[in-house]
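Undergrad: Order-wise, the sequence lines are chains D and U.
Going by the working numbering, the letters in the first sequence line up with residues 63 to 563, in that order.
Going by the working numbering, the letters in the second sequence line up with residues 63 to 563, in that order.
Watch out, some of these pointers could steer you wrong.
Pairs count within a copy or across copies, as identical chains cannot be separated in the list.
Under the rule of at most 35 Å between Cα atoms (straight-line distance), these lysine-lysine pairs were calculated in the DSBU-like manner [stated by the list, open to error]:
| hint | residue 1 | residue 2 |
| --- | --- | --- |
| 1 | Lys472 | Lys118 |
| 2 | Lys226 | Lys472 |
| 3 | Lys479 | Lys118 |
| 4 | Lys551 | Lys218 |
| 5 | Lys218 | Lys472 |
| 6 | Lys218 | Lys479 |
| 7 | Lys472 | Lys285 |
| 8 | Lys468 | Lys285 |
| 9 | Lys551 | Lys285 |
| 10 | Lys118 | Lys551 |
| 11 | Lys285 | Lys118 |
| 12 | Lys551 | Lys226 |
| 13 | Lys285 | Lys479 |
| 14 | Lys551 | Lys472 |
| 15 | Lys218 | Lys285 |
Just so you know, these hints were derived from the structure itself, not from any lab.
Number of protein chains: 2
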Amino acid sequence: MKRTPASYLPPITLQDREEIPIYQQLYDWFRRAITGGQLRPGQRVPSTRNLAAELKTSRMPVLGAFEQLLAEGYLEAFVGAGTYVARSIPDDTLSRPAEKARNGLQETVEKRGPRRLSRRGVALTNLPAQSWLDNLGAFRVSLPALDHFPIGVWSKLVARNSRKPPKGIMAYGDAMGYLPFREAIAEYLGAVRGVRCEASQILVTTGSQQALQISAQVLLDPKDRVCMEEPGYPGARQAFITVGAQLIPIRVDHDGMNVAEILRRGRDARAVYVTPSHQYPMGMTMSAARRMLLLNWAARSGAWIIEDDYDSEYRFASRPIASLQGLDTDGRVIYIGTFSKVMFPALRLGYVVVPTDLIRPFSAARDATDIFSSTLYQAVLTDFIEEGHFARHIRRMRMLYMDRRKTLIKAIHSQMKDMLEVIGAEAGMHLVGLLPRGANDVGVSRRAAQRGISAIPLSTCYLIPPSRGGLILGYGGANSHQIHEGISKLRMSVHRDDGRY
Amino acid sequence: MKRTPASYLPPITLQDREEIPIYQQLYDWFRRAITGGQLRPGQRVPSTRNLAAELKTSRMPVLGAFEQLLAEGYLEAFVGAGTYVARSIPDDTLSRPAEKARNGLQETVEKRGPRRLSRRGVALTNLPAQSWLDNLGAFRVSLPALDHFPIGVWSKLVARNSRKPPKGIMAYGDAMGYLPFREAIAEYLGAVRGVRCEASQILVTTGSQQALQISAQVLLDPKDRVCMEEPGYPGARQAFITVGAQLIPIRVDHDGMNVAEILRRGRDARAVYVTPSHQYPMGMTMSAARRMLLLNWAARSGAWIIEDDYDSEYRFASRPIASLQGLDTDGRVIYIGTFSKVMFPALRLGYVVVPTDLIRPFSAARDATDIFSSTLYQAVLTDFIEEGHFARHIRRMRMLYMDRRKTLIKAIHSQMKDMLEVIGAEAGMHLVGLLPRGANDVGVSRRAAQRGISAIPLSTCYLIPPSRGGLILGYGGANSHQIHEGISKLRMSVHRDDGRY
């Protein structure tokens, strides 16, 4: 026995007035539960003493039933280590009914076709597999340099906060988030991103995806029109589609989203989704002139601007540009950010800054969605920020990512010069490499995934299939060795085995 | 200075070719950021050395700008402790523009009325305040006995898991959840609840609310009809309303949901929401006959059953009854559970067990909702379960809650005999007390909340206003003293000051 798991108390109900003796009822129950798969091979069962006490019966019939189950090989006893469901049970051919049930169900499904789901459920079932997201190898987008994370400091803060948690940290928390955390975020956003807000306007979320879902829910009705960057962030597309919104693709060029096109084609749009600091996926920065044009249009037309500032912490060549939110005088901007990239993804913490008149519906929507965010990590991150580790970590990562970006570009130039054309500003944690015309980027990504490489096909970010495919390559989580190895595997993935694209 | 926060690097962009000298540009930027509220009183600013390095300029103009800002009182310097935004800034009357912006916005809103949200957003804005959920005092429903939680063991496991986390624990995780955790849940559910499933069928969620939201999204289209228990769980109602479903109230009696009524009135229903183990809020258990009737109806009509088994761990008088899911041979049951009550709410972990053909859409829906659940707590809880602490904790809490329930009933009998009629089975963590006819339960709850008591008005669980109000009283988180004090405060809250209801 490697481990000694505790035994659970099984849901047995004894029929007192039946003719069937107690020991027989117990024997039948265990045999059924074991052959039926509810009790699993190797699982511990309660002691006869505990079981008798639990069932308020004498120990004799329990001993009788267990003896028989042991004799027939359903149970195994280990001296001093308790009684277990046998690892190989006697009528094994009759068993595994979970499997049988599944197979039976499979047959049923095949016979009568798929069962009725919602339209959304059907669409979700039929989403194409994204095999490039199945691995955490080189070029996984949004993956930070986890081995450079100050885990020692962090785990000390985790331990400190969980050792003597105040009641509030374990109980139900505020739907908007843990107040000291929101204050730390407000201070950070004001200083670094020029965001103007009070802590009361900040809703803590489980990440930017939840922030997008809640924004879509509060702001958009089915059939409402939303302007999306083309190409743009598929997560945002998913959120808007979930509420039945209609998407208007607006092209991006070297100055970011083409706002003039919004004025022409998006007149009745209820909202615009935009990544002005570092366009996802193409990487350019929205020009100041377009920012003002967009804000003025939104104020005039009464549309909302959803500003996704997912990785603005990292700029290498130029200084960061202040957020749209900080320029907005009409309370039109919903500002979304995340700690998945600056900290680590499994933290599951992000935030949305909302105009004051939207605090109430956003808070109520969060409550209806999943009530509130786990408090421990909010408290730990507050300490991490207030003790200065956060600012330090960002500075260190900025240097690191700048280096990794250079390494990646060099590796592409030396190994894939004729196959990948690098575009995007010197910022963030990813870049886009355009493939030669005619190459099928989804095919390239699939082949790369088989080699353990994660490269998102650029075409998956388009609503209208693009004339030229490409690959989105993250460099945050890959060191120099992984980058070089990754690029040589990627080179092998560009062409099919028969040499064609 | 109590703490020395790190300074953030501000988003300054210097215009190199302008006639305005660098020191003037810097002075202007800081003055604007300070009076504009982006930089907050008491916040640390970078050292002149760091700022000059960051901006790739010489240190002279930075020193010049800082000298002027110090002289004018915008900044304060502390020897050896750095430079800070002054705690009281000179033209304070001109400042606090976040506030001004808010006030300005407030005026705008008042002038032109509320701004356009989605219908759902408007409904969320207008949800009545639930002041009884603002406190964690006696009778807060679903609050467990946090001071009896084995925090020493737990925090050791937290520390162990966060000290040397494998890469996988910090990176992006599986949308379905952390596999060892799902295996532990499958084993637990099979042994204790008679649930038949493989780990692959388990989707880990942030709690039962998210499980409900995702189920609604995958299974229901707008206008689809859903049978709800009447009275029933408001969180489920919210989830179904979010996707535009129509609710059919089905009365509950002493045998639980009246399934015959579903057969009559719910013929075309797409789904039934039910809490068979311990009806929420009334507390009865669904009879075996009704369980079979419901399953047979669902198999015939092709409807889904959403079984919410939110607190089945705790039964005091009788043995637990196996789940509907374990009796289902047609793969019709979506089984939902949570760790908020057995462990603690801020854990934010729950799960849903889905039929095998629904794994894919549920997984994709979770991905679109918020990608995945934070991994640390999943890993910690896996250890907690496997090392036997979980089974032990449940047993101890069962004894404790049985006592607390008795204490509460005694306190009601001695202090409020003529005002509260206790109903519900001997199970769970709450009971319902019916108020005298004519009493307005919302009013009672509001007055109780002012005294720091949390009692949910029973009428909020009804779709059709009930003829008799009541209070839902949680006893999990209240010790004997708090129960007695709480009941005397509740007694004072039943009548208004003028003696009427």
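Undergrad: Please go over all the hints and tell whether each is borne out by the structure.
TA: Against the structure, the hints come out as follows:
no.: 1; hint: Lys472 to Lys118; in the structure: between (75 Å within a copy, 25 Å between copies)
no.: 2; hint: Lys226 to Lys472; in the structure: between (50 Å within a copy, 33 Å between copies)
no.: 3; hint: Lys479 to Lys118; in the structure: between (78 Å within a copy, 32 Å between copies)
no.: 4; hint: Lys551 to Lys218; in the structure: neither (39 Å within a copy, 42 Å between copies)
no.: 5; hint: Lys218 to Lys472; in the structure: neither (38 Å within a copy, 46 Å between copies)
no.: 6; hint: Lys218 to Lys479; in the structure: neither (46 Å within a copy, 52 Å between copies)
no.: 7; hint: Lys472 to Lys285; in the structure: neither (46 Å within a copy, 56 Å between copies)
no.: 8; hint: Lys468 to Lys285; in the structure: neither (44 Å within a copy, 54 Å between copies)
no.: 9; hint: Lys551 to Lys285; in the structure: neither (44 Å within a copy, 51 Å between copies)
no.: 10; hint: Lys118 to Lys551; in the structure: neither (66 Å within a copy, 38 Å between copies)
no.: 11; hint: Lys285 to Lys118; in the structure: neither (61 Å within a copy, 49 Å between copies)
no.: 12; hint: Lys551 to Lys226; in the structure: between (49 Å within a copy, 30 Å between copies)
no.: 13; hint: Lys285 to Lys479; in the structure: neither (45 Å within a copy, 55 Å between copies)
no.: 14; hint: Lys551 to Lys472; in the structure: within (16 Å within a copy, 73 Å between copies)
no.: 15; hint: Lys218 to Lys285; in the structure: neither (49 Å within a copy, 51 Å between copies)
Comparing the model with each earlier hint shows violations of hints 4, 5, 6, 7, 8, 9, 10, 11, 13 and 15; every other hint is respected.
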